Structure formats: C-alpha cells, structure tokens
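J.: Each chain sits in its own coordinate frame; assemble them with the hints.
If you read the protein sequences in the order shown, they are chains X and A.
Using the working numbering, read the first sequence as starting at 1 and increasing by one per residue.
Using the working numbering, read the second sequence as starting at 1 and increasing by one per residue.
These are calculated hints, taken from the structure and not from any lab test.
For clarity, every value in this text was computed on a predicted model and none was experimentally measured.
One or more hints might be untrue.
Here are some chain X residues pointing at chain A (derived, C-beta under 7 Å) [unchecked claim]:
(1) M69
(2) R99
(3) R102
(4) G103
(5) Y108
(6) A115
(7) A116
(8) F117
(9) P119
(10) E129
(11) A130
(12) F165
(13) T218
(14) N219
(15) P519
Even for Gly, the Cβ is constructed at its ideal location relative to N, Cα and C.
Chain residues, written in single-letter form:
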Amino acid sequence: MAKAPLKSKDDLLLDIRNLRIEATIYPPGELPKNITIVDDVSVKLERGKVLGLIGESGAGKSTIGLSSMGYGRGGVRITGGEVLLNGRDILKGGAKVLRQIRGREVCYVAQSAAAAFNPAIKLMDQVIEAALLHKICTKAEAEKRAVGLFKKLGLPNPETFGQRFPHQVSGGQLQRAMTAMALCSEPDLIVFDEPTTALDVTTQIDVLASIKDAIRDTNVAALYITHDLAVVAQVADDIIVLRNGKPVEYGDTRQIIKEPRQQYTNQLVSVHHIPHEQNNPTGTPILSVRNITAAYGGGLVKVLKNVSVDIHLGQTLAVVGESGSGKSTLARVITGLLPPMEGSIIFEGRTLSPRLANRTRDDLRELQMIYQMADTAMNPRQTVGTIIGRPLEFYFGMRGKERDRRVAELLEKIEMGKGFADRYPAELSGGQKQRVCIARALAAKPKLIICDEVTSALDPLVADGILKLLLNLQKDENVAYLFITHDLATVKSISDSIAVMYRGEVVRYGPKSDVLQPPFDDYTDLLLSSVPEMELGWLEAAMKTRKMASAGN
Amino acid sequence: MSTPVLKLVAQRIAMGILLLLAVSVLIFAGTQILPGDVAQSILGQSATPQALENLRRDMGLNDPAYIRYLHWLGGILTGDLGTALSSGQDIASSLKGRLWNTLFLAFWAAIVSIPLAIGLGLLAVRYRNGFVDKLISGLGLASTSLPEFFTGYLLIYFVAVRLQWFPSVSTVYEGMPLGERLSAIALPVTVLTLVVLAHMMRMTRAAILNVMQSAYIETAELKGLSPLQIITRHAFPNAIAPIVNVVMLNLAFLVVGVVVVEVIFVYPGMGQYLVDHVAKRDVPVVQACGLIFAAVYVSLNIIADIVAIVSNPRLRHPK
Numbered sequence: 001m002a003k004a005p006l007k008s009k010d011d012l013l014l015d016i017r018n019l020r021i022e023a024t025i026y027p028p029g030e031l032p033k034n035i036t037i038v039d040d041v042s043v044k045l046e047r048g049k050v051l052g053l054i055g056e057s058g059a060g061k062s063t064i065g066l067s068s069m070g071y072g073r074g075g076v077r078i079t080g081g082e083v084l085l086n087g088r089d090i091l092k093g094g095a096k097v098l099r100q101i102r103g104r105e106v107c108y109v110a111q112s113a114a115a116a117f118n119p120a121i122k123l124m125d126q127v128i129e130a131a132l133l134h135k136i137c138t139k140a141e142a143e144k145r146a147v148g149l150f151k152k153l154g155l156p157n158p159e160t161f162g163q164r165f166p167h168q169v170s171g172g173q174l175q176r177a178m179t180a181m182a183l184c185s186e187p188d189l190i191v192f193d194e195p196t197t198a199l200d201v202t203t204q205i206d207v208l209a210s211i212k213d214a215i216r217d218t219n220v221a222a223l224y225i226t227h228d229l230a231v232v233a234q235v236a237d238d239i240i241v242l243r244n245g246k247p248v249e250y251g252d253t254r255q256i257i258k259e260p261r262q263q264y265t266n267q268l269v270s271v272h273h274i275p276h277e278q279n280n281p282t283g284t285p286i287l288s289v290r291n292i293t294a295a296y297g298g299g300l301v302k303v304l305k306n307v308s309v310d311i312h313l314g315q316t317l318a319v320v321g322e323s324g325s326g327k328s329t330l331a332r333v334i335t336g337l338l339p340p341m342e343g344s345i346i347f348e349g350r351t352l353s354p355r356l357a358n359r360t361r362d363d364l365r366e367l368q369m370i371y372q373m374a375d376t377a378m379n380p381r382q383t384v385g386t387i388i389g390r391p392l393e394f395y396f397g398m399r400g401k402e403r404d405r406r407v408a409e410l411l412e413k414i415e416m417g418k419g420f421a422d423r424y425p426a427e428l429s430g431g432q433k434q435r436v437c438i439a440r441a442l443a444a445k446p447k448l449i450i451c452d453e454v455t456s457a458l459d460p461l462v463a464d465g466i467l468k469l470l471l472n473l474q475k476d477e478n479v480a481y482l483f484i485t486h487d488l489a490t491v492k493s494i495s496d497s498i499a500v501m502y503r504g505e506v507v508r509y510g511p512k513s514d515v516l517q518p519p520f521d522d523y524t525d526l527l528l529s530s531v532p533e534m535e536l537g538w539l540e541a542a543m544k545t546r547k548m549a550s551a552g553n
Numbered sequence: 001m002s003t004p005v006l007k008l009v010a011q012r013i014a015m016g017i018l019l020l021l022a023v024s025v026l027i028f029a030g031t032q033i034l035p036g037d038v039a040q041s042i043l044g045q046s047a048t049p050q051a052l053e054n055l056r057r058d059m060g061l062n063d064p065a066y067i068r069y070l071h072w073l074g075g076i077l078t079g080d081l082g083t084a085l086s087s088g089q090d091i092a093s094s095l096k097g098r099l100w101n102t103l104f105l106a107f108w109a110a111i112v113s114i115p116l117a118i119g120l121g122l123l124a125v126r127y128r129n130g131f132v133d134k135l136i137s138g139l140g141l142a143s144t145s146l147p148e149f150f151t152g153y154l155l156i157y158f159v160a161v162r163l164q165w166f167p168s169v170s171t172v173y174e175g176m177p178l179g180e181r182l183s184a185i186a187l188p189v190t191v192l193t194l195v196v197l198a199h200m201m202r203m204t205r206a207a208i209l210n211v212m213q214s215a216y217i218e219t220a221e222l223k224g225l226s227p228l229q230i231i232t233r234h235a236f237p238n239a240i241a242p243i244v245n246v247v248m249l250n251l252a253f254l255v256v257g258v259v260v261v262e263v264i265f266v267y268p269g270m271g272q273y274l275v276d277h278v279a280k281r282d283v284p285v286v287q288a289c290g291l292i293f294a295a296v297y298v299s300l301n302i303i304a305d306i307v308a309i310v311s312n313p314r315l316r317h318p319k
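Chain A on its own, in the form it takes in the complex (with noise of 0.2 Å):
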C-alpha cells in the first residue's frame, strides 16, 4: 500500500470522526430544543416546582449545555449511554442484543441481496435492451415499489399462513440454534431483499453500462472476448467505486431502516425498540439510537470511499 493511498484513508477516517461528532452535536441539540426536560418527563405534569428543582440540580440539568454535552459524549465514549426514562433500565445493555439481532438479519440480507442483485445487473448488461433485460429491471422495479409493509403482510399470508414454510412472527431469543435463527428471518430477510434488490441492480446496470463505451471495452471485443467475458473481466473492475458506493448506502438502509419491517415481524431489533421510546417519549434512548444509527451509515459510506480510493489503480500505483 502506498502513501498517497494511506493519506486519502486517513483523511476519509478522520472525516468520518469529524462527522459523527457533528452529527452527535445535532442530536443533543435536538432534543434541547425540544419543550419540557428530563425532569419534567420523570415527574409528570403534577410536579411541584421545589421538586423540579430539586431533580434538576440532582441530574446537573442547570449547567450550562455544553457541559452537559460533554458529560453525555463522555460517557458515550466509554460505552454508558444512560438511563432508559421509562423502564430505569441501562441503555447501553438492553441495546447490546437488539443491536446484535439488527445486525444479523441486516448480514443475511446483505448476504442474499448483493451477490443476487449484481450477478442480475452483469446479465441484463449482457442482454441489455433485450427481453432478459426489460424483465429483470421491470421485476426489480415491482418489487421496490410495493412498500414492504405490503410484501411483508403478502408474504406472512402467503408463506407462512397458506403454505406455513416459515414462520410469521421472527421470535428469536439467546442460545437459538442458527438453523431455528435462520428459519425465523427467512421472511425478513426477502422482504429487504426485495427492497434493496432493484436499486443496486439497477446501478450496477448502469455502472457497468457507463463503462462499456470506453475504448479498452472495444479492444477486448477486437480479442475475440465473449460479452460475459468483457463485463466480468474488462468492464467489471472499473465499475466497482460506483457499485461499492450504492451497495453501501443499502447495506446503510439495511440497519437504519429496518423499522418497520421488524415491527411487522415482531423482531427484536433496534428498529421495535426505537419506535417503542418514541411512543413513549423516551429521550436518551432516542437519542442512543439515533447516534448509533448515525454511526452505522457513517462507517458505511467510510467504508465504500476506501474501497472507492483502493480499487482506482492510478492511486494504488502511483506514477
């Protein structure tokens, strides 16, 4: 690895810290803005004002913010996120397994969704604008556009009532046998499947199709190259910074926005528990959530500019 490639690696990480903090000024912000505190929350609407102000003093809610900001980043750091409003519960420890089951239905759809919806953009650019083509990107566009609280419900009729393959609520609980665990996302897993399917093909599609009119493109045809041997071998590699790039944000989409499928079944992801605290106007887990949330898509897209500044020969092989 060379050194102008290790400098633009730093330089993406240490933007990428930059913007976390950022993004947790923000969400403190946020939640000042907002009316009433914690000690109001904690004692209800029938609070005296002595007791108020009794709590206040007690949680450090009158110093100034940014000492409060401080306190709460400082804890963050070394991993104690608060107090759960609602339940008195450590957040950081509820967190902890939710965080996990999140993680691991997003691996397995990541898992089936990325070889699948690349290995369909490489076939439609071998038969592009033909009858393959029109029926994968038009299958692609389906199955985006039905709002997956419809294929969910679709499927929970269809696969679990009907013909009863796969269960309709995804319970998992600690020390599952994977074989069960996998059994139990099953209906999850193509659910986001089919959300994040069309978008990567498409870009894939697209990626690789931009490739193709480059010149080298003609002269592996001049070889004698087969078509799939010229996109796999030829167009392929200069494609992979903009797939990387669109895979990244899915997988990000994978982990943020798994709500409302893990609400539909039932599964004890962050998603279940983020919307739970938001009815009951839990603010440190809203906001425990949100940070980790800003984490994941941060890394991610951290991630695919490395793979980007990696994959481009002219830095790895500087002159």
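Excised from the complex, chain X in its bound form (with noise of 0.2 Å):
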C-alpha cells in the first residue's frame, strides 16, 4: 500500500480546526435564508483511537462526521475552518483530491446499510469495490480479505456470504457487512454513522460487540456519531457532545458519562426514569384478545399463534419483542385490518367483527391509533387545524365555531396552543408532530390508543415529554393504551401489566412487577441483559453472561 507509514502510535490522523457548515432552508411561504448548521467546531483524533459525536437530531453529528470526508449531504456546504486528515487540508484539494480520499483513507458507514447497499448488485462486488477502485490490492486479494472480514465480523458462511444479493441478508448481516466494506480498503478513519440505532436491541449487542473487536483488531481511528451516550461509552476513547452545532463538553468517555460538566451532557447521562405506579387489573378488561391466530399469504406465512392479552379501562398494556416478533401485527388484527384466521377480539363486552369493513363507526372511534412516523401519518398539505378538526366532523358532526374551540382544546391537552392550528405539519418538530396524532387520536373521545412505537423516531428528551403527555392523557381521560414498543425503558416507564412476543407467540405475560421479576425465561432475559447500560465495560460483561444468542445471527 502506498500510504504514509505510521510515524507513532499517537500520530495524528484527523484535526478538524473551526468548522462551519451551512445550508440554505427554504421555508413555506418565506425567501431562502441561509443557516449555520455546525458553527465552530474543533475535533483532534489519534491513529487508532474512536471519538464518539453525541447529541440529538439536528445537533450536527453526521455533518461533522461527513465533513472529514469533505461530503455535505443534500445541498450542506462547508463555509469556515479547515479538516486536516493526514496532515494535509482535504477541503483545499477539489473533487480529485476527495475522491482519493474517500474509500481509501477514510470510509463510511451508515445507519442504514439495508439502504446503503445497492439492491442490483451483490455484496461480494460492493464489499470490494472501493479497494478495486484505488487499487489497494487485485480482486483475489480483495475478495480473499472480504472473506476474512466476514469471518472476523461473524457472519454466517463466509466464504459464499459475498455471492447473495442484499436482499437476502437480514438487517443485523448488513450492517456487518457494512462493517466489512469499510475496513476492506483498510482505511486509516472510519466515521460510523448511528451504525447500530435502526437494529433491535438484541441484534445490537451483536453488532456493537464485533464492530468494537474489529476496531481493535484493525487499529483503525473511528468518528462514533450516536444519539445513544450508552452505546457510544462502549466503544468510544473520547466523547465529544454536540448541541445545535455546537460543542457543549470534549472528554474522556469516563469523565463524560461518570462526571459530566455540563448540564446538557449531565440530563443525557440521567438514566431517563418516569415514576409510574402500576395499576391492577380491575373487573372485566375493556379489551380481550382471545387465542388470536393470524397470518400472511392466505394462511402461508403464520405471523401471530394463539395470543391472548386483557387491556383494563385506563390502563397500559406494553408488547414488547423484537422486529418480526408480531407486535404489530397483533394491532392490525385488533383494529379488523387484518382479519385472524382463529380467535375473537371482545371490545366492551361485544365481540368485533373480524373486518375493518363490518365494524360500526363507533367501534371505529372507540379505538384509534398513533403511528410510528408522524410524519407520513399526516397530509402535508392539511394544517394542524383542519388534521384534529376531521375526527370531530366525522365521528361527531361537528363543524365551525364549535369545532374550532373543541381543536384549540385539544392543543391546550397536547401543550402546544391554539397558535398552531394554522400551522402545516412540516414546521412542526418531530416531537410536536406526534403531540398532533396524539391529539388526533383523543378528538374521537376513544376508550383505547393503540401506540405503535410511537416514541422511537424520537430523541431521548422529546420522547420523554411524550410519554408523560401520555401518561397524563391517561389519567385525565381514563383511555386505555396499548403500546407496542422495542424499548425496554419505555415499558417500565409507561405500563402497567406487558406482554414479551417473540416469534409471534407471548413468552411472558402479566402485571410489569411480575413480569420484571426474575427467573426470567431465556428470551424475556435476553432482551433485558441487551439494554445497554452506562457503564464502562457492560458490553463485554452483557455479552459474556447471556443465555442465547439473538435471533437471525
């Protein structure tokens, strides 16, 4: 290789000196105005060493991330400072010099590798395409080392992993795969981009385990960018925190996580806990799911096996499992949109028609939904006003003065003022976005919401104003939830009695202390020793003390 040897071990490799990036917006209604979306930003890393960027959305981790690659993403332009990789300045060389840079000195990992990988070519070609491109080594050479990469990175069959088209790999493969593809043109910088965040939090473990080993193996520097301080301090040397752009604390991950300077940094180290008291179970439930069988393909793909689960009036049921395990699922059967093959749904007392279509428009009403992505939940071209204002036309008639006051009602319950029933989705926040579903949701007066994870497109800190807007909901409204969630803090937060699901089946159901008390069975133990925890070295003393592996690895 025609690199630069290694002077020292404690060389050098990236010094990011003032950066600024901007970007032109162009709001609805309003001429384009420019602004600063990293604004004097000052980062040093060592050969060999990981710097995790932390913060939350919009905080600038990913543009600082690309910027040692002199990439801005979709239209973001580098105006101040110099990054200097190599001892050499990248942004004062043009597009040549970049591309030499790129996929030979420092490559790149996505958070989403099911998006990243191009779906028409196989991996093997993808996985080797940068180190062909600079010419760092002959195809055999290349594809000898992919091989062991996969190997390193534990992926299933090695030698003939390579062959299979991206489709056919599931997402915790790829983002390995990922992995391998970075390190393949052996890089000196890997800039990690939330690498793990789009996985299950049992898939996670795994692949923040091998990523951290080949790190260590290859001596290979990395930028670490995350919204999770419990990941990063499992893998990172330093932690830098980022607020709007802007540095808020540099440090050691120790001195970061164990004594923060800073408040911001110190309410992102607070482990997020909402006092909850459980309620229990209280006469008839006013929601019973009866030995459901559902499934996929006219009876082929079997998604859900006999489930039963009991909601009580102003109460909260969380079903918790991992992708694939049928949680959502098991809403499409209750809200009729998918209708079970065996089994009945007693709402009230009275059984629901199987079928969307046959239920009565109260039935409809007494049961509504909050989504994931709030966004797509919404019309973009419909204001805030007239998206909360539909349920009341539709379920109750309501039109004009009266409709209007009930909406500005609505926005008092969700915190947000009437001001904004004017406003179109897209200058809301992702945070405020959801308080409009939520309040979509209450306008039909309904005794059960069913949350579709409903706080996971959300940063730590929004998602917690959510839950407690939820949890205060509840005790005005007496509405029972039943919220479907990957994240085992959320459950203790918000529940009252849950549901564990894996492979469409409930391994574990009852009231949450029960539910919370060891002995845990293999799968309810899993999914609980995966949280990671704030602490140093609780990746190697989670992955040591497991019961089983996760599913699909």
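T.: In structure tokens:
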C-alpha cells in the first residue's frame, strides 16, 4: 500500500479546526435563508482511537462526521475552517483529491445498511469495490480479505456470504457487511453513523461487539456517531457532546459519563425514569384478545400463534419484542386491518367484527391508533387544525366555531396552544408532530389507543416528554393504551402490564412487577440484558452472561 | 431462473394472449357496427336485393356474428388473413413483404435511437441542471415538437435536394443490396429517430435521477467513485425497468406509428398499405393491419414487463 507509514502510535490522524457548515433552507411562504448547522467545532483524533460524537437530532453529528470526507449531504456547504487528514487540508484539493481520500483513507458506515447497499449488485462486489477502485490490491486479494472480514464480523458462511444480494440477508448482517466494506480497503479512519440505531436491541449488542472487536484488531481510528450515550460509552475513547451544531463538552469517556461538567451532558447521562405506579387489573377488561392466530399470504406465513391478552380501562399494556415478533400484526388484527384465522376480539363485552369494513362507526371511534412515523401519518397539505378537526367532523358532526373551540381545547391538552392550528406539519418538530397525532386520536374520545412505537423515532429527551404527556392524558381521560415498543426503558416507564412476544407467541405476560421479576425465561433475559447500560465495560459483561443468542445470527 | 420469475413471466404472456383475443373481438365488432357489409361493398350501390342475398349466402354472411368471428379468427391463426376486396389478392401474401419492410425500418431506427437516447440521458444526468443538460433537453424537445411531416420535408429539401446525399424517395425492392437499402431508408430513419429520441432520453434522465436519490448512491460517492461511474455502475442497473418500459413504447410507435413517415417517403411498408386501403374502404385489409399492429404493441409491452421482472434481483434471487 502506498500510504505514509505510521510515525508513532499517537500520531495525529484527523484535525478539524474551527469547522463551520451552512445550508440554505426554503421555508414555506418565506424567502430562502442561510442557516448555520455547525459552528466553530474543532476535533482531534489520533490513529487507532475512537471518538464518539453525541447529541440529539439536529446537533450536527453526521454533518461533522461527513466533513472528514469533505462531503456535504443534501446541499450542505462547508464554509469555514480546515479539515486536516494525514497532515493535509482535504478541503483545498477539489473533487479529485476528495475522491482519492474517500473509500481509501476514510470509509463510511451508514445508519441504514439496508438502504446503503445497492439492491442490484452482489454483496462481494460492493464490499471490494473501493479497494479495487483505488488499486489497493488485486481482486483475488480483496475477495480473500473480505472473506476474512466476514469471518471476523461473525457473518454466517463467510465463504459464500458475498455471493448473496442485499435483500437475501438480515438487517444485522447487512450492518456487519457494511463494516466489512469499510474495513476492506484498510482505511485510516472509519465514520460510523449510528450503525446500530436501526437494529433490534438484541441484534444491536452483537453488531456493537463485532464492530468493537474489528476496530481493536485492525487498529483503525473511528468517529462513532450516535444519540445513545450508553452505546457510545462501550466503544469510544473520547466523547464530544454536541448541541445545535456547537460543542457542549469534550472529554474522555469516563469523565463524560461519570463526571459530566455541563448541565446538558448531565441531562443526557441521567437515566430517564418516569415514576409510574402500577395499576392492578380491575373488573372486566375493556379489550380481550382471545386465542388469536393470524397469518399473511392466505395462511402461509403464520405471524401470530394463539395470542391472548387483556387490557383494562385506563391502564396500559405494553407489548415488547424484536422486529418480526408480531407486535404490529397484533395491532392490525385488533383494528380489523387483518382478519385473524382463529380467535376473537372482545371490546367492552361485545365481539368485534374481524373485518374493518363490517365495524360500526362507534367501534372505529373508540379504538384509535398512533403511529411511529408522525410524518407520514399526516397529510402534509392539511393544517394542524384540519387534521385534528377531521375526527370531530366525522364522528361527532361538529362544524364551524364549535369544532374550532374543540381543536383549541385539544391543542391545550397536548401543551401546544391554539396558535398551532394554522400551521402545516412541515413547520413542526418531530415531537410536535407526534403530539398532533395524539390530539387527533384523542379527538375521537376513544376508550383505547394503540400506540405503535410512538417514541422510537424521537430523541430521548423529546420521547420522555411524549411519554409524560401520554401518562397525564391517561389520568384525565381514563383511556387505555396498547403500547407497542421494542424499548424496555419505555416499558418500565409507562406500563401496568407487559406481554413479551417472540416469533408470534406471547412468551411472558402479566402485571409489570411480575414480568420484570426474576427468574426470567431465556428470551426475556436476552431482551433485558441487551439494553445498553451507561457503564464502562457493560458490553463485555453482557456478552458473557447471555443465556441465548439473538435471532437471525 | 427461479420459479417465481417463471410464474410471473408465464402470467404476463397469458395476459398478453388474452388481451390480443379481446382486441380481435373489438376489431371484429367495430367492423360489424359500420353500415353496410362486404357483399354491399363488392356489388356496389346498384346491386339488386336478390344478388345481395345470394352473395351473402355464398360468403356465409347470414351466419350469426360469433360464428363469423370464429371463422375469421380461425383463418388468422392458420395464416389466412382473407382476401382484399379492392384487388382480390390474398392479404397475407401482400402483407408479408410490407410488414418486413416496416420492421426493417423500425429496426434501424431503434438501432440508432435507443443507444443515442440512453447515452444522452446518462450525459444529461451527469451534467444535470448545467449547460449540457439544458442543451440536450432543449434540442430533444424541439425535435419531438416538430411534426414528423415537417422534419421529413425539411430533410428532403436540404439533404436530398440541395446536398443530394440520400434519395428523397425511399424505394426498396426485393433482392436490393443491403448498402443501397440502408442508403434508401437513411432519411426516414433520421426522422423517426428525431421523433422518439427526446421521449426516451428524458425518461432515462428522470428514471436515473430518481435512483440518484437513494442512499446507496451516497455510499458509492463516499467510496470515491466518479460521477459517471456512479451513474453507470450504481444508478443505471436500478433504472432499467422504467427505461425499458419507455423504450418499448417507442419501439411500438416505430412500428405502428410510421404511417406518416412512410407516406412522405413513399416507402412500401405497412403504413402505406393501410392508408391506401382505408381510402378504398377495404375492411378485411384494415382488420388484418389493425390486428398485426395490436400484436406488435402487446408483445413489445410484454417484453418490457418481462425485462422489468427479470431485472429485479428480489424476484431473480428470492430469499
């Protein structure tokens, strides 16, 4: 390889000085304006070290990470500062110099490997592409190296893995393949951009462990971008905390998580715990799911097997499990979108029609839903007032002033104020959008709301706000929740009873205090032990003590 | 080739055959609705009712419509397209040479226009929103907007009359050497290319730009690939399905829509033949031409569908 030899182990690899990044935004109905995304950020990284970039969305983490490759995503411009890589300013060389650096000195691991792999090309050809492009080695050598990396990253059948297409392997495997792709050209630096965020909690820990091993064994330096401090604490030597494009605190990992100096860091570090007194089941349940078996593809793929759960008025049942466990399918069966093959749904003592089309308007009204992606659950061309007003018109026939008054009331309830009624979804933040969806569900005066991963797409602090709001609304309106989530911290904060699902079956079910009380079954143990804790060395300890391997690996 | 692909392809072909049957019913029914029948056309206005009746009986025109349809369809399936009223000649034998001529013209127009359109589309994406892109798009649009008879006569005036490079009348005959034949069709091929070029080029550009939004394009960019490498290696394979679709639509146009161009250049193809016999109200010929055009259209679209299925790795390599 024609690269500068390592001078010494503490040689400076990346030196970002006073970085300033801007973008032009086009707000609806206003003139385009320049905004500053990153302001005066300086980062130093030595060879073989891992620096964690942490912050909420909009903090500029990815933007800074990509600046080390001279890349601005979606019209973002680097307008100030220097990016010194291996001693030279890469911003000064133009497109050709950048192309020589990308894929050779710096490689990138994206958040969603499923989207980052080309669906039309075999994995092997994509993994070795950069190495061949930069003439780092011959094709045979590159393939040999790739197979070795597949093995190191714990991919199944490393010899033949590369012959598959991206859609033929699981999300966790793709994420490892992407890490192999980054390592294949033996770069000096890898930018990991939320590499485990899109994965199930049980898969995340495996991928995290293999990334950590690979970093250690290859002595590559890394920028590790995430919003999850507990995750970054497992891999990073140093951490920089960012907020609104500005550095808040910069220190070694132990100092940041044990002795944070800034209040904002402290907020991020402190374990989010919402006190919630468990309510015990009383009387007859408002919703009874009885022995439901459901399948897709005309009975070919069974996704729910003999599932029975109860939900009581004013209480919350949390359904936990990894993707593919049947959580969302259960919601689809309850709402009538997927008629079950067997079993019945009893709501307020009456059996609901299995098909949505045969349900009465009152059945529809009393059972509302809130979705994970508030963005796509709202019509972008309707104002907040129209969105919340629609169920009022549809179910109660409200019109004019009466409707507007009720919309204003609902906006108060979600702590947003009536000024928002004339805004469009695009003008709202992620948390505000989810609040509007909550108001829309409440407008129907439902008895039960199904919440499908409603906080998964939100930053931790914003998600906390949403959970608190949901709990307060439950007290006021006495509404029951069916809360679908993969996040156990959320479950602890909000639920009265818990159903743990695994491959279409309920493996553990009961009041919260019972379910979270040892001894655990193997799967619940795996779920609980996979939630990252903000402790140094937690990852190694957790990998050792697990009872079963996670699915799909 | 895996089972789901075979199944889908078989479904498409079956659908195509059904569609063609439906078209044949429509064509047959259409000619039934028209006033008058073959017997009247043959005997003319001065025919006596008795003569009409006799001829109808002889030709089987008194049979119920569905029996006549089945006769007609049976004839077509065995290669018998009937007899032209105006000349009394067998339609199949006079059509054969003309169909071949039309396909020959369409083939060369496709050979020129498809690579050109896709190449220009790729270039437009490479320099998107820049001068090259705007120039390509502008010229393409202009050439499509001009009616083909206008570009046709323009070419005849400048290239054939003033420069005398190519003949203005595309006469071809059996046994003509390939070189002379190509020289004879140079002008109609140019006109056809100009007509279909812009549509395919702009769709190629749009399909690839759509793919360029994908996350894997960013991955390729961050590997250090050049813009042209990204477009050809990573974007194009994922844009094949929509591109093939529009290419096939234009191929169909090259066969079915050449009527005007053939008339301008007096080229002995299907279009000329059809126009001649529409003027003579020769129903059996019009029926036969209609059915052949429909068959070309349907089969090209089936090919587009099949390419889209086969180019999808999810179908080609199931889990």
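J.: Go through the hint on A115(X) and say holds or violated, using the shortest Cβ distance to chain A against 7 Å.
T.: At about 4 Å, which falls below the 7 Å cut-off, the nearest Cβ of chain A leaves the hint on A115(X) intact, so it holds.
J.: R102(X) was flagged as interface toward chain A. Is the shortest Cβ-Cβ separation under 7 Å?
T.: R102(X) check passes; min Cβ-Cβ to chain A is 4 Å, inside 7 Å.
J.: Have a go at the G103(X) hint: is there a Cβ in chain A nearer than 7 Å to its own Cβ?
T.: holds (4 Å)
J.: How about E129(X): closest beta carbon in chain A under 7 Å, or not?
T.: holds (6 Å)
J.: Hold the hint about F165(X) up to the distance rule: shortest CB distance to chain A must be less than 7 Å.
T.: Since chain A brings a Cβ to about 5 Å from F165(X), closer than 7 Å, the hint holds.
J.: Can we keep the T218(X) interface hint, with Cβ of chain A closer than 7 Å?
T.: violated (18 Å)
J.: When the nearest CB of chain A is found for P519(X), is that gap smaller than 7 Å?
T.: Status violated, d = 36 Å.
J.: Hint N219(X) vs chain A: min CB-CB distance below 7 Å?
T.: violated (22 Å)
J.: Against chain A, with CB atoms and a cut of 7 Å, does the hint on F117(X) hold up?
T.: holds (6 Å)
J.: Under the criterion of a CB-CB separation shorter than 7 Å, is M69(X) in contact with chain A as hinted?
T.: holds (6 Å)
J.: Taking 7 Å as the limit, does the beta-carbon of P119(X) come near enough to a beta-carbon in chain A?
T.: At 6 Å from the nearest chain A Cβ, P119(X) passes the 7 Å test, so the hint holds.
J.: Answer holds if the nearest beta-carbon of chain A is closer than 7 Å to that of A130(X); otherwise answer violated.
T.: Holds. Min distance 4 Å.
Checked against the numbered hints given earlier, this structure breaks hints 13, 14, 15; the rest are met.
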